[in-house]
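A.B. asks: Sequence:
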Amino acid sequence: MSFYTSLTGLQAATTELSVTSNNIANAGTSGFKRADANFGDIYASTPLQKAGSIAGSGVALKGITQQHTQGNIEFSTNSLDLAITGDGYFKLKTSDGAELFTRNGGFMLDDQNRMVNSAGQALQILPVDSINNANFEAETSGLTVQRSTVGEFTPTTEINLGLNLPSSAVPITEAFSADKPETYHKTTSFTTYGANGKAQLATIYYVKTAGPTDAVPYAKWQTYVTVDGVAVKSALTQSAGAGNDPQFINKFGEILTQKELDVLSVSPPAGRNGSDYLITAGTTYRKFSLDNLQTAIPSANAAVTTAIPTASTFQDGLNLTNSSTGVNFADLGAGAGKFTNAKLQNMFQVQVDGSQWKSISLPRLMTLSHLSFSVGAVNTAGAGGPGKLGDQVLSGKQIATELTNELNRTFGDDKDFTTSVLDAGSELILKRYAPPETALQSANDFIAIPLKGAGSIFEDTNAELGGLSLISGGADNNNRTMDGWQMAAAITNYIRHVDAKKAQFADVTVQYDEQNQGFTFHQGSLLRPAPDKFILGAFGADAAGAAKVSAMFGGIATGVKDTGIDDGTGLTYKTINGSKQLLQNTRGNGTENALSDRHSGLKVDYAGGKFTFSAGTTGDTSAISVRATETTVSAANADTVNVAAYTDGGQKAAALFGLSADTAKTRSANNDNQVTSAVTSLVENLPTVRGQESTAAKLTGNAMGVDTEQAFNVTAANQSITAVIDGITSTVTLSLGQYNIDTFTTELQTQINRMADANGRTVNNITVGFDAAKTALTVTGATTSGKSFIQMLGSQDWGLTDVPVAFGTSSTYARIDSDQRAGSNLYVSQDTKTGLWNESVDKADFDAGDIPYWTPIFLDRGEITFDTSGALVSPQAKYNLESTAATGTTIQLAYTGSTQYNSAFAAISQSQNGKPEGDLNGISIGDDGLIVASYSNGSQKSLGKVVIANFNSASGLKQLGDSSFTASAESGAARLGEAGAAGFGTIRAGSTERSNVDLTNELVDLISAQRNFQANAKAIETNSAMTSAIINIRG
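For the sequence shown, position 3 (counting from the first letter as 1) is numbered 6 according to my numbering, and the numbering increases by one without interruption.
Among the hints, erroneous ones may be present.
Said to hold, decoys possible - Across the chosen pairs, the derived CB separations fall in these ranges: (1) N1004 - E155: 48 to 58 Å; (2) P215 - S723: 54 to 64 Å; (3) L204 - G964: 19 to 29 Å.
Said to hold, decoys possible - Think about it this way: if two alpha-carbon atoms lie no more than 25 Å apart in a straight line, the pair counts; the simulated SDA-like pairs of lysine to any residue are: (4) K777 - T765; (5) K790 - I744; (6) K944 - P130; (7) K551 - G458; (8) K606 - W360.
Hint data in this document are derived by calculation from the structure and do not stem from the laboratory.
Here the structure is a predicted model, which is why all the values come from computation and not from measurement.
Note that the Cβ used here is the ideal one computed from N, Cα and C, for glycine as well.
Construct all of the structure, not just a fragment, from the sequences and the given hints.
C.D. replies: And the structure:
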């Protein structure tokens, strides 16, 4: 048996030598896994044998197993070579469909562009979704890589060029021709790709057509485009702002983008409606081009200009033409039966911004006024005339100044004095006291001045100074309306020339001080030394009647007609100087103008023999009309001039101001008839006439120092406020007492609107409000222009310390003419499908009676515009080329970043989209097994993911050669997973895995196997020798 035992040993040693030799032989085979030979002893026995007496029977081979440990990674130059670091195997499929597994990742593309190993076995992958996750519900398949893309080209649709065009280039006037280099300055060329992916050469030619001028401060360049030699026109392009936001224009030349209009339609400015900013889509517009937009100019006031009077219209010396230096109204009235104040009454009528017609009288031109003050000489008979303008010649400009003041008074918020509220027998008592003011010097120092009834101071025969007007029917001495100066003139005339005691008052003149809102008494030195004291008192038929007179004159003492000194006690008298005394706070008792009849900033100018009447507002909605006064104006025929019906004053107006005397004309048909109507049409985009309304100054104070939610007091410490309104300066004094915020703003508004200056200018229609959020006062002016000015200084209680000055804003507008072709207007409409604009002389559904408020504005086709600094003005955004015929697509072209400097032509930047079909540039495989193919056109394509197979028992795999294995019952079925997932290794591209054979260990194993073989051979030899010895013993 020992022979056989040694023979099994020889066989085992031989097997181990074979396994070791195989390992050594495959030490350089990629993915090879070394094998180990496993042996077991042979032990034969029977149940009756004693265990300790049985020798073994040798050795037997139990099996040869692969060691699936990680081999070293070796880098290669082939990007398709793959190595797995960690657990797992590549899945392969043979041509006959058999599935194999390997760690040998040496792959290549075969002649069919399949990824295979050297044996032609295809690497198996799984498809991926849009985020490159493997789809494990799909079957694995081999990888086929396209050598070039199919249908993956991108046509060129966008081009952006940043250029510098030389500002020194001289404009070319010759017609452009691509074949004539002298007809253009520069070109740029680049490759584009059409709708079929074909490469095409696009060329842009640049022609400077105009340099900047004073009138048009822009440089113009025209561009021409060809594609493969075919001319391509620029499409009609709407002007756009940043971000390609389309721009729209209104009739005032204001340009806003669509986004800006969308915001304003939801949150419009104060005084405007959101509908004013809506864009009307899908309609036909009249075409406007940005190049036609004129320079902005200030918005104009509505104004009418009279004609130069002809010789046939001159009356009573009213002549400002023929080298005349002016008119001396005092001379005109020097003779009996000649010119009178009555002829300056109701001369003409004015209507402003839809107000009622207001009659204008100018008796101030002949009587005491702010223009001049001179006390006339008084003769011993006491027949001297009142203070007049003397020999002063009033020029057209001086008369225009008086007209300006009179218009603003007439349309202001001041109250007139009116006698209509008085009872018959009402009298004003005037007394003068000489020092020591204990009694009248004589009975003649007392005058009862009749205000209503027979013999009143307002009868025509007694009121030559006043030029007063009736306010209702009845006797002319019953119902009169007048302003302060007319009242003062009538009183002066009566006390100096009518009353029996006139000799005692021949040196006294009564005037109305508009600035201080009171009557002044001027005392001359002809009769006795100054100063005396003047007292006004009120008298009536009864106490109620006296009270009405008192109220008319600011609260003077009532019910007295004696000579007592106390008649004036309690009134506010102020000595201005030795010969002038002021009774303050005496304001008219009539009614104020209705709000619709209050207008400020009216102005009259004189130039070239013509008077120009201007409304106080600017823009198309302002209006003003002037007409000579007629005795009656037929409502049915109000537009027809009726010279025969002119009043005496109307005739003088025609003579002095050149108001129409042509009966063949209507007032509205010709400017000679002095009518400028508001543009009130609902058609908003009719060409503007005067622009838009300017804004008034609005002053907002600081937070008030009093609690505005509670009652507060006006005291002597805070009642004075200094105000400057449009150049008129005054310190207003608030009435003492307790107020809430509403009564306080009303009081302040009232006092501000009483302001006036020594030149007769008055403050009117100022609005005082309260900003609750800021707890601050607001003061809004009435004149709307950049000259509107408000400055306030007062107590911190009112928040009026260190308040910034407020200015109004003069609006501007820019005219724009619509585009034309051969004398016909052009119209545009937008294709709802393509968004492109089409232009035509056919107005289609354009309705001149329903024009949208905002209209798109366009650029000239292919034109580039720069300002004088070299900055790009237009186009600010990309625009379309009509390139469909040439390329099959619409190309959008932009010149973002382009300049025009005094340097050479240069391409600063160039970018475009579009690409052709691409050839395979390379394949990249990620650590997660994702395979991406890259092509020469820049496109990349995810082809799938290399999956890794793993087994429950890798040692159970059946080796097939070529470092390949197949699954067996011992290994279990393959489990597939993504590289890097739990239980699966990662993939390293451009690498292979070397065998896991350790040559040192294998050599040691080889020596050990050799020794085993020698020992077993020696055992046999020994057994043989023993056997021979035994045989020899028998011999």
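A.B. asks: The structure should be examined with respect to each hint, and the outcome stated for every one.
C.D. replies: Evaluation of the provided hints:
1. N1004 - E155: 48 to 58 Å: Since N1004 and E155 have Cβ atoms about 54 Å apart, the given range 48 to 58 Å holds.
2. P215 - S723: 54 to 64 Å: 56 Å, holds
3. L204 - G964: 19 to 29 Å: 59 Å, violated
4. K777 - T765: 30 Å, violated
5. K790 - I744: Roughly 30 Å separates the two Cα atoms, so the pair is violated.
6. K944 - P130: 12 Å, holds
7. K551 - G458: 19 Å, holds
8. K606 - W360: Satisfied, since the Cα-Cα distance of roughly 17 Å is no more than 25 Å.
Violation of the numbered hints given earlier is confined to hints 3, 4, 5; the remaining hints are satisfied by the structure.
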